[in-house]
Every structure is written in structure tokens, then in C-alpha cells.
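> Sequence:
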Amino acid sequence: MLIPHNPSISLFGKYAFICLILLLLASVSAPASEQALSEEKKEAAIEKKEQKSPDFFSLSGQESATFKDEPKPKGAEVREQKQKDDEKPAVKKNRNDEKADPEEEPELSEFEQYVRRQESKEIRQFGYALFSQPPSTFAPAEKIPVSADYVLGPGDEIRISVWGKVEGQWRLTVDRDGNITLPKLGVLNVTGLSFNELKEFLKKEFSLYYTGFDLNVSLGPLRSMTVYVVGGAQKPGAYTVSSLSTLVNAIFAAGGPLKTGSMRDIQLKRNGKTVAHLDLYEFFLKGDKVKDERLKAEDVIFIPPVGPQAAITGSVTNPAIYELKDESTIPELISLAGGLSPLAFKGRVQIERIDGGRRQVVVESSLEDANGAVLKLNAGDLVRIFPVFQDRRVVRVSGAVHGQGEYGYKQGMSLRELVSMAGGLKYYAYTKEAELTRVTVTEKGPETEKFSIDLASALSGASDKDFILQENDFISVKTVPEWELYRVVKISGEVRFPGTYMIEKGERLSSLIKRAGGTTGEAYIEGAIFTRKFVRELQQKQIDEMVDRLEMELLGKGAVDSSTMLTPENAKISEYELNQKKEFIAKLKNIKANGRMVIRLDGPNGAGSDITLEDGDSLHVPRTPNSVQVIGSVYNQTAFIFDRGTYISDYIDMAGGYTENADTGRVYVLKADGRAFKPGGGAFWSRGTGLDPGDTVIVPDRLDKTAWMREIKDISQIFYQIAVSAGVLLVAF
Numbered sequence: 177m178l179i180p181h182n183p184s185i186s187l188f189g190k191y192a193f194i195c196l197i198l199l200l201l202a203s204v205s206a207p208a209s210e211q212a213l214s215e216e217k218k219e220a221a222i223e224k225k226e227q228k229s230p231d232f233f234s235l236s237g238q239e240s241a242t243f244k245d246e247p248k249p250k251g252a253e254v255r256e257q258k259q260k261d262d263e264k265p266a267v268k269k270n271r272n273d274e275k276a277d278p279e280e281e282p283e284l285s286e287f288e289q290y291v292r293r294q295e296s297k298e299i300r301q302f303g304y305a306l307f308s309q310p311p312s313t314f315a316p317a318e319k320i321p322v323s324a325d326y327v328l329g330p331g332d333e334i335r336i337s338v339w340g341k342v343e344g345q346w347r348l349t350v351d352r353d354g355n356i357t358l359p360k361l362g363v364l365n366v367t368g369l370s371f372n373e374l375k376e377f378l379k380k381e382f383s384l385y386y387t388g389f390d391l392n393v394s395l396g397p398l399r400s401m402t403v404y405v406v407g408g409a410q411k412p413g414a415y416t417v418s419s420l421s422t423l424v425n426a427i428f429a430a431g432g433p434l435k436t437g438s439m440r441d442i443q444l445k446r447n448g449k450t451v452a453h454l455d456l457y458e459f460f461l462k463g464d465k466v467k468d469e470r471l472k473a474e475d476v477i478f479i480p481p482v483g484p485q486a487a488i489t490g491s492v493t494n495p496a497i498y499e500l501k502d503e504s505t506i507p508e509l510i511s512l513a514g515g516l517s518p519l520a521f522k523g524r525v526q527i528e529r530i531d532g533g534r535r536q537v538v539v540e541s542s543l544e545d546a547n548g549a550v551l552k553l554n555a556g557d558l559v560r561i562f563p564v565f566q567d568r569r570v571v572r573v574s575g576a577v578h579g580q581g582e583y584g585y586k587q588g589m590s591l592r593e594l595v596s597m598a599g600g601l602k603y604y605a606y607t608k609e610a611e612l613t614r615v616t617v618t619e620k621g622p623e624t625e626k627f628s629i630d631l632a633s634a635l636s637g638a639s640d641k642d643f644i645l646q647e648n649d650f651i652s653v654k655t656v657p658e659w660e661l662y663r664v665v666k667i668s669g670e671v672r673f674p675g676t677y678m679i680e681k682g683e684r685l686s687s688l689i690k691r692a693g694g695t696t697g698e699a700y701i702e703g704a705i706f707t708r709k710f711v712r713e714l715q716q717k718q719i720d721e722m723v724d725r726l727e728m729e730l731l732g733k734g735a736v737d738s739s740t741m742l743t744p745e746n747a748k749i750s751e752y753e754l755n756q757k758k759e760f761i762a763k764l765k766n767i768k769a770n771g772r773m774v775i776r777l778d779g780p781n782g783a784g785s786d787i788t789l790e791d792g793d794s795l796h797v798p799r800t801p802n803s804v805q806v807i808g809s810v811y812n813q814t815a816f817i818f819d820r821g822t823y824i825s826d827y828i829d830m831a832g833g834y835t836e837n838a839d840t841g842r843v844y845v846l847k848a849d850g851r852a853f854k855p856g857g858g859a860f861w862s863r864g865t866g867l868d869p870g871d872t873v874i875v876p877d878r879l880d881k882t883a884w885m886r887e888i889k890d891i892s893q894i895f896y897q898i899a900v901s902a903g904v905l906l907v908a909f
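Every position in the sequence shown, counted from 1, becomes a number in this note's numbering once 176 is added.
Just so you know, not all the hints are guaranteed correct.
Here are the simulated lysine-lysine pairs, PhoX-like style, with alpha carbons at most 20 angstroms apart [said to hold, decoys possible]:
#: 1; residue 1: LYS641; residue 2: LYS666
#: 2; residue 1: LYS445; residue 2: LYS462
#: 3; residue 1: LYS341; residue 2: LYS360
#: 4; residue 1: LYS501; residue 2: LYS465
#: 5; residue 1: LYS445; residue 2: LYS472
#: 6; residue 1: LYS552; residue 2: LYS501
#: 7; residue 1: LYS763; residue 2: LYS717
#: 8; residue 1: LYS501; residue 2: LYS462
#: 9; residue 1: LYS681; residue 2: LYS709
#: 10; residue 1: LYS765; residue 2: LYS717
#: 11; residue 1: LYS445; residue 2: LYS465
#: 12; residue 1: LYS472; residue 2: LYS462
#: 13; residue 1: LYS602; residue 2: LYS654
#: 14; residue 1: LYS666; residue 2: LYS709
#: 15; residue 1: LYS748; residue 2: LYS758
#: 16; residue 1: LYS626; residue 2: LYS641
#: 17; residue 1: LYS449; residue 2: LYS462
#: 18; residue 1: LYS501; residue 2: LYS467
#: 19; residue 1: LYS341; residue 2: LYS380
#: 20; residue 1: LYS626; residue 2: LYS654
These are computed hints drawn from the structure, not numbers from a lab.
Can you build the whole structure from these sequences, using the hints too?
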């Protein structure tokens, strides 16, 4: 039979779990010096990273060059030295001006903070995140063919090949005056010519001296030049770029605009005049680079302050904060956000607006009313697009059908149609009766009615037997009485045929042991371990509740203590203890109940506890042991050969005796059958030593050695309740 609850089991719970708690606690501590060392290493890594971050860099890294058969002009040497001198101070800027690590969370702008307060979620300014990536991939490719309209300038290398009646190859660099020098042809000025015009020009010049020849012209390394990025850029300054560079290349090199800089009106200034305007939204949203002008030497890229901004949230493809141009409307803002989502409700749009900087005004409209130029947007507007209402007309079905759940209701819908939509009945459905619950709304409130339906008749297909449903009806399809497809139990260990067995309703433990061929000669029936799923679930629920209570007590007190600390030293100690408590609670949450029930297999085939089996039960019959274990606060935790005449104190002495932290007054024995007893009296201990093979002597630590555990109210009671809920083998570690 089952062992009833008795004080000896409770006594185990009270002391056994204390041992487990203190062992867990010992693994929580971590030296504070290691944490401090970790922080120092982290700061050193950040310092090193900052020192390696340059402010300015070249997009191409190319310098003008000449080939070995053509001496460098003196002007080229002077130009190269000047370029090196100009580049030296470019990498030395104040560290505060450097762009933040792209892996770090970017700081929210004022408008982003405002929107987050209103929406309780982060809505970012559109486009700025793209510039958090390294800009090297945006440098112009050096090996692509040069376009026909490329304009030559000082520093470009020209390669000329002539064959026919006359042959020759030249590699020439355009000097600072825009000239190249060819044998016999002399000095030729090529600056300002396009690449296409250069071919015609050279062919014409060669024709003055030669006939019967073919000529090919190509370009080698191209010149580099200096441009300036100013205004609201992440990293404003001078940049050395390739002559193929464009506005977009330079903007990416400078880290893009600040959040206070404009995305939609970036200006290219040349010789004191604004020659181009670039709207990055055209590039980001449409991939349009038509207005991406090629740069020239000494060009200035100016990023003005950001224009008016409006935020859009809700049922749009890309909720964000967008910069507005001219007089923007709600349809234009929706277009910037990628359009409406399929779930958007066009009948309602809400605009939250700042009126005169003093108060918020909410404007309600519909998208139809907002179309055209009726409703203009103001700077700081917050536009909300709401989803369609989810007020579905449904009926519900549960129970023995293949697809339980809600289904759309239509007028005149029958029960037969609903069951068909749910995939039909399962083969164990009870077709004689189903239950329908109907709620009707009246002036006095909702009224509930229940109907019994002949399910087989309703599904027969006869029109006079069909049952017509109403909106919100709930159908419950029952299972045949006492239905259970499989009842499976497991038996293992010292039986002749261990394995998994199907059982019938009401089958007992003795029958299972008999079907498994009985126990072997090595079986230790006194230590049989029987577990049940229901018991495990109940124990686990109790454990979780007690751990939650302990967590509130521990962490709640830690928070109060931390708030009352005044000195940095005390605050650091408090934080360290709080981290210990959190790790301790995390370990407690990993405790899993095993669902063990104490049984005795004293009689033949388990007649001593011949209980009725349930689905999921498990029985393990161990092999007869010949040892006794001593664990806990002793100097040598180990197992000893069992000797009937040896006392508990003898085993403890053989294990080296008690440690200084041992709680000698709370030593207990965990029996092989799952029971726990404290030495010191009673019928059990009247038999001498009271030990049997397979028993474990446990010496717990003193609970009062940890300061913050002494301060917790009723901690012993909480530990006791957790131990009882965990099952008697919880501390058999």
C-alpha cells in the first residue's frame, strides 16, 4: 500500500532541501575582483578602438602615377608632396567628433523621443540607419570602363597605342597645366576634353605627321582630388576622392547626415554657386541616381538642417519619421511609408498635432477625406493609420473533431457544414449526443441556453434533420465514454523483460511485474522507484509557487537595500549580493520534480503496494547495492561497504568527520525506498544502526553562514515547503 504522509517524511523535507539550497548557493559566488578586471579590460578595448578610428579617409587611395619609361614631371612630385602634407592633419581630430561605434544603439533625436512617448515604442527617422554600415563598399570602382563624357584633368594617365606604318606606345600623365608631350607632336593641351573628344583630337594631331596608321586611346590610373563635406554631416571635413566619385559616394564617406541634417536637400556647390540638389529619398525608395552628380576638384557638399518632419505609425508598410518637402499631404506621407498594409482601415486616420507649441490637438479624418490637397501636414505631426476592425462573425467547435476552433459564420449555416469545415469527426466521437451552447443578448443582459443534439441524425444529410446554427454558437463534440486509446507504462531495472507495456483500465502493479517476467535474483525491491505523471505535475506546481515566493522575498529586499546605500562601496557590495541572489533563484527554477511515490514491494509480485496503474507510470527496480554513501559537509564524500554493525557516526568518521560548516544537529538518512529519517529515536532507530544497503547519510551545511539568507523572513518554512513539493529524492545528488 502507499505510505501515508507522516512526520518523518516532513522532517526530511525540512532538512534535505536546506542542504541542496546551500550547495546551490556555494556555486553562485564569484570574486568581485574578477568582475572589476573584466570592466577594466572592456574599457581598455574601447579606448584602443577609439584611438584607431580616423575622421577623414580617401575614397580611392589612388595617387597619380607615371610608367617607368616616362619620367615624372617636377610638378607631379610637388603635387604628391603637397597631397601628403594635406592628409597628415586630416586624421587628427577631437575624439568627441568621431562617429559612434555602429554596433552601439544610436541616440534618439528629440522628435524620436517625442514619438516614443506617444506610441510606447520606438519609431526611427527614415534612412539614417543605412549610414551605420562601413562606407568602403560605396567607393567608386577603379576598374570599370571610363564613360565617353569623362572630362580629363591634371593627374589623369593617358595610354596611347599606334600601329601601321608607324608604331609606338606612350603612357603620359596630364600635368598641372593640362598638357601632355608626344614626340614630334610636341606639347598638347588636353584639359577640359572629354574622353571621346580626346580620341578625335589625338587622331587629328597624329594625322598632321603620319599616314596609314590606327590609333587606340585608353586611360590608366585616374587623378585624385579634394572635396569638402560640410553642414549637418556625421564627419564633416576634407576628403581625397577619385575623379569618378559622385555626390552619393562622398556622403557615404562622411557617414551620412546627422539626424539634424537634411536627407532631401543636399546641395552641391561649385565656384560659389549651387549646381545640384540631391534628394536621398529618391535613391533609398526608388533606386534613382539620376541627380547623383559627378564631383570635381574643390567641390563643396553642403548638408542643410533637416526640414519639417512627420511620423506615421500603424498599418503602413514602413512606419517611420519622414522629412517633408514643400506642402506635403497625408497620401504623400503614406507613399513614403511604402503604402498601406492589407489590414489598413481607410475609414479612419488620426493626426496628433502640436498647436502653437502649447498643446496637442487630435484631428480625426478618413483617408478618403484626406486625399488630394484637403489636409496638409505640419511639422511635428504624428499620423496614425488604424487596422480594420476585427469584429468577425463566428461559430466555434471543440472536442472530437479534427480542427477545433473558430469558423466564419454565414446566414443559414448548418451544423453539418461546420463539422465538414472542421475536418469531420474523429473516430472516437460520441455521435449520439453533442452539446450546443447559445448566448442571446436581451435587454436584461446575455442569456445562455444549452441544447442536446442528436449528432448522427444532424450529420445524416437529411434536410429535415439538419440543425441551423446562429452566430456565436458553440458546439462541443463529446468523446465516447471512458475513451483512452493507449495506456502505457514503463518498467526497467532488475526484471526479466524490462520495457514499455500497454495496460488495460484497472490493471495493477503486480500484473505489470508478472508480465515483465518477475524480478531477477539481483533485484533490490526495497529500493524500487515508482513515479507518476500526475504527482510530478502537482509537485512541480508547488515548487514553482514556492520559488516565486522566495524570489519576491529575496529580490524585493535586495532592491530596498540597494536604494538605501549611500557610499559607492556599499552600493557595489549590494549589487554583488543582488547578482548572487538572482543566480541563486535561477538555479532554483531549474529544480524539476520527479513525481516519486513511496511504495513497498514486500509481498510476492509487489503485493505490498499493489496499486492501480495509470497512463505514464514508471517502475524501476535497482540492483541490490552493497554500500552506504556519506555526502554533504564531511571532508571526504564517498561510499563505504555496507556493514550491518557499523553506526552512522562510524561512517561519518570514516568520511573524515564533520567540516567546520557542518550542521551536526540536522544529520539525516535518506533510505533507498525514498523515506527520510533523522537519527535520535523512534521505532526505526531502535533496530540498532538503522542503516540498510543503498542508504545515504547526509550532513547539511549551516544555514546561518550566508548573511543575506539569515535576513529573509520565514526562509526555513519556504525551503521546507519546496522540499516537500519536490519529492523525497530531491537531494539525492
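> Each of the hints needs a verdict: does it hold here or not?
Hint check:
Between the alpha carbons of LYS641 and LYS666 the distance comes to roughly 48 angstroms, so the proposed pair goes past 20 angstroms and is violated. The hinted pair formed by LYS445 and LYS462 fails the criterion: a straight-line CA distance of about 25 angstroms is larger than 20 angstroms. Only pairs whose Cα atoms come within 20 angstroms are accepted, and LYS341 paired with LYS360 is accepted, the gap being roughly 16 angstroms. For the given pair, LYS501 sits about 19 angstroms from LYS465 by alpha-carbon distance, which is consistent with the 20 angstroms threshold.
Distance hint between LYS445 and LYS472 is fulfilled; the C-alpha atoms sit about 10 angstroms from each other, no more than 20 angstroms. Taking the CA atoms of LYS552 and LYS501, the gap is near 12 angstroms; set against the 20 angstroms cutoff, the hint holds. Simply put, LYS763 and LYS717 have alpha-carbon atoms about 16 angstroms apart, close enough for the 20 angstroms limit, and the pair holds. Among the hinted pairs, LYS501 with LYS462 is consistent with the structure: their alpha-carbon atoms are about 17 angstroms apart, no more than 20 angstroms.
For the proposed pair LYS681 and LYS709, the alpha carbon gap of about 17 angstroms is at most 20 angstroms, so the pair holds. A threshold of 20 angstroms between alpha carbons decides the hint, and for LYS765 with LYS717 the separation of about 11 angstroms falls inside it, so the pair holds. With a CA separation close to 18 angstroms, the supplied pair LYS445 and LYS465 stays within the 20 angstroms bound. Straight-line distance between C-alpha atoms of LYS472 and LYS462 comes to about 26 angstroms, which puts the hinted pair past the 20 angstroms bound.
With a C-alpha separation of about 10 angstroms, the suggested pairing of LYS602 with LYS654 holds against the 20 angstroms cut-off. Distance hint between LYS666 and LYS709 is fulfilled; the C-alpha atoms sit about 12 angstroms from each other, no more than 20 angstroms. Our distance criterion of 20 angstroms between C-alpha atoms is met by LYS748 and LYS758, whose separation comes to about 15 angstroms. For the given pair, LYS626 sits about 18 angstroms from LYS641 by alpha-carbon distance, which is consistent with the 20 angstroms threshold.
Restraint check for LYS449 and LYS462: the C-alpha separation of about 28 angstroms exceeds 20 angstroms, so the hint is violated. Between LYS501 and LYS467 the CA atoms are separated by roughly 17 angstroms; this keeps the pair inside 20 angstroms, and the hint holds. Restraint check for LYS341 and LYS380: satisfied, since their Cα atoms lie roughly 16 angstroms apart, inside the 20 angstroms limit. Annotation: proposed proximity of LYS626 to LYS654 holds, straight-line Cα distance about 14 angstroms (limit 20 angstroms).
The structure shown violates the earlier hints numbered 1, 2, 12 and 17.
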